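Based on the sequences and whatever the hints tell you, model everything.
In the order they appear, the protein sequences are chains A and B.
When we follow my numbering, the leftmost residue of the first sequence carries the number 118, and every step to the right adds one.
When we follow my numbering, the leftmost residue of the second sequence carries the number 168, and every step to the right adds one.
Note that these hints are calculated values from the structure, not bench results.
Please read all numbers here as calculations on a predicted model, not as lab measurements.
Here a beta-carbon is modelled for each residue, glycine too, at the ideal position from N, C-alpha and C.
Among these hints, one or two may not hold up.
Claimed, not checked - Facing chain B, according to a computed beta carbon distance under 10 Å, are these residues of chain A, among others:
hint : residue
1    : Val-128
2    : Val-149
3    : Arg-156
4    : Leu-162
5    : Arg-196
6    : Thr-254
7    : His-280
8    : Leu-341
9    : Asp-358
10   : Thr-361
11   : Pro-365
12   : Cys-374
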Amino acid sequence: MKVLTQPRTFVTGDILAPDDLNAVFLYGRDVVADVASKRWAKSILPIQCVTGVETPYTQASGALLVQRFKSSVTCVVERAFLSANMTSDAAVSVAITATSGGATPSGASVPLLSTTAAVTDATVDTEDTSADRFVLTANTEYSLTISIASGNFTLNRFDVILHVAVDRWTLAGTTSIPDFDPTLLTDASARDATVVNSNLTSLGTAAALFANSIGNGSSNVGALMPMRIQCHAFLSGTDVDLRTFTIPRIKTARGKCAIKRIYLFADMTAAGGVGKTITADLQNASGVSQASAVVSVNGVTYASGDTGAFSVTLDNSSVSAATTTDDFKLIFSNSDPANTCLRAVALLWVARG
Amino acid sequence: MTISNGSTALKTDLDAMISTALALVQADNAQVPGAYEIHLTFPGCISSTSSYKRKSTFPCPFDCYVETFAVTAAEQTAASTVKAAITGDGTLVDSLADSASLGDEGKLVFWPTKVSGTAGANTTKLARPLFDGTRTKAGLNFATTSQAHRVFLKGSTITVSVMTSSIVGASKIDVAIVLREFLARD
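Structure below.
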């Protein structure tokens, strides 16, 4: 990591030349512009709507399969992909809408993805690509809906992959990228302390935005990226090993990161009873809970919720290279011994800094 | 810190005024590389499961370093073996672990990982090098320079495949991939 140092060293007793001050200001301008332009955190969000080793998802005409997700920050979907093994009587489509109100995000086609025609051979990969670029609003739940116009479909494997980009400056609460445009001094204008102070104030203001962008500042934000973990078909008595997922920590001395929030989505076989819940519990290696998302399924077959904001450091420069003794784990649980949770999806948002 | 017209501007005053700002920008720049994880879950996979049912495919939107490839297998038949592999067109071969390859002929297979002895338990196998910004010298010998080649290239299609010799249906295989990338510029 190259240390940023000013290009001129001042010497007490020397005559202060405008060139010396200008060189320092111009260096600051270039450094701010260079680092600020490193802006977008891009990530891959694979949504396994149906995995091949589950019972194939079969539906009659007009029936739907819905997957839901939510971001705590505004993000941009830059590409979407369909990768599936399936059969169908007609084209199967994927649409994205806001769960509440059903609005399609501006810029997203309807459908977003499609097989375009009937699919006859499940052993052949079915694929589609969307180059639509659209914004997902923070704290808004979106639904991916898989449907067929007529006839039936059987999904053996159905992955929708989103390429998600997050602008770290949006998260830092700024409306523009940090910028420093100094007023340069001239021999004719002499060394005006007012100009010097004004330049340095502007530089300091821009630099302060960087402190927030890496999560060390007062706003404690960073560019967020999603991590999706899903658990299938479980009851209260389901073996805990089947409900436990290892989250490897990031072995790094750079690139600090932390889990900031967990959204939980649960689909049930039937509406749950009073007091019935689905839980996703983030634990450290010792089994100590770090954060827990709990949703009530009382009277509903689908429920969603989240942990609220928290911060659990995911990086660890000394974590074991080959064992999981320092890693985190996410454990799902269903309080009901008889009502199967068909699928629980935890969407963890991981921030830099 | 401010200076005044008519007063003497000391070296320490002038240096301090800009070094504080540069330190903030530098601290940010040091954190520019970021990491996150992808999890792909394959519940109920058994030895006879068709290959197209035990894979997941996705395109990569950026050049990134594959820091960790972890495979967790739970409730497999005693003494069964679970294997997982990543293929990616255009990526180079990593010679870690055993050399089993799974499907997708014609593509290069790297980082196959095997998990054994997972009866009645969660067992994870992973490899996790330290990423501290130190450059690994790339060479022709993959056995000694493998870390330099654990990359997904922008635009490549990545396929993760799993396989097990277990015959127990109530089981689970989870693949976690830790990716590290740099913030994209406008």
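Taking the hints in turn, this is what the structure says about them:
With a cut of 10 Å, the hint placing Val-128/A at the interface with chain B holds, because the nearest CB-to-CB distance is about 6 Å. Nearest Cβ of chain B to the Cβ of Val-149/A: about 6 Å, under the 10 Å cut. The hint holds. Nearest Cβ of chain B to the Cβ of Arg-156/A: about 6 Å, under the 10 Å cut. The hint holds. Checking Leu-162/A against chain B by beta carbon gives a least distance of about 8 Å; that is within 10 Å, so the hint holds.
A hinted interface residue such as Arg-196/A counts as satisfied when its beta carbon comes closer than 10 Å to some beta carbon of chain B; here the least separation is about 7 Å, so the hint holds. With 10 Å as the threshold, the beta carbon of Thr-254/A stays out of range of chain B, its nearest partner Cβ sitting at about 21 Å, so the hint is violated. With a least beta-carbon distance of about 4 Å to chain B, the hint placing His-280/A at the interface is held under the 10 Å criterion. Hint status for Leu-341/A relative to chain B: holds, with the closest Cβ pair at about 9 Å, below 10 Å.
Here the hint on Asp-358/A is kept, as its CB sits about 4 Å from the closest CB of chain B, short of 10 Å. Checking Thr-361/A against chain B by beta carbon gives a least distance of about 5 Å; that is within 10 Å, so the hint holds. At about 5 Å, the closest approach between the beta carbon of Pro-365/A and any beta carbon in chain B falls short of 10 Å, and the interface hint on this residue holds. The closest approach between the C-beta of Cys-374/A and any C-beta of chain B is roughly 6 Å, which is under the 10 Å cut-off, so the hint is satisfied.
When the structure is compared with the earlier hints, a violation turns up for hint 6 alone.
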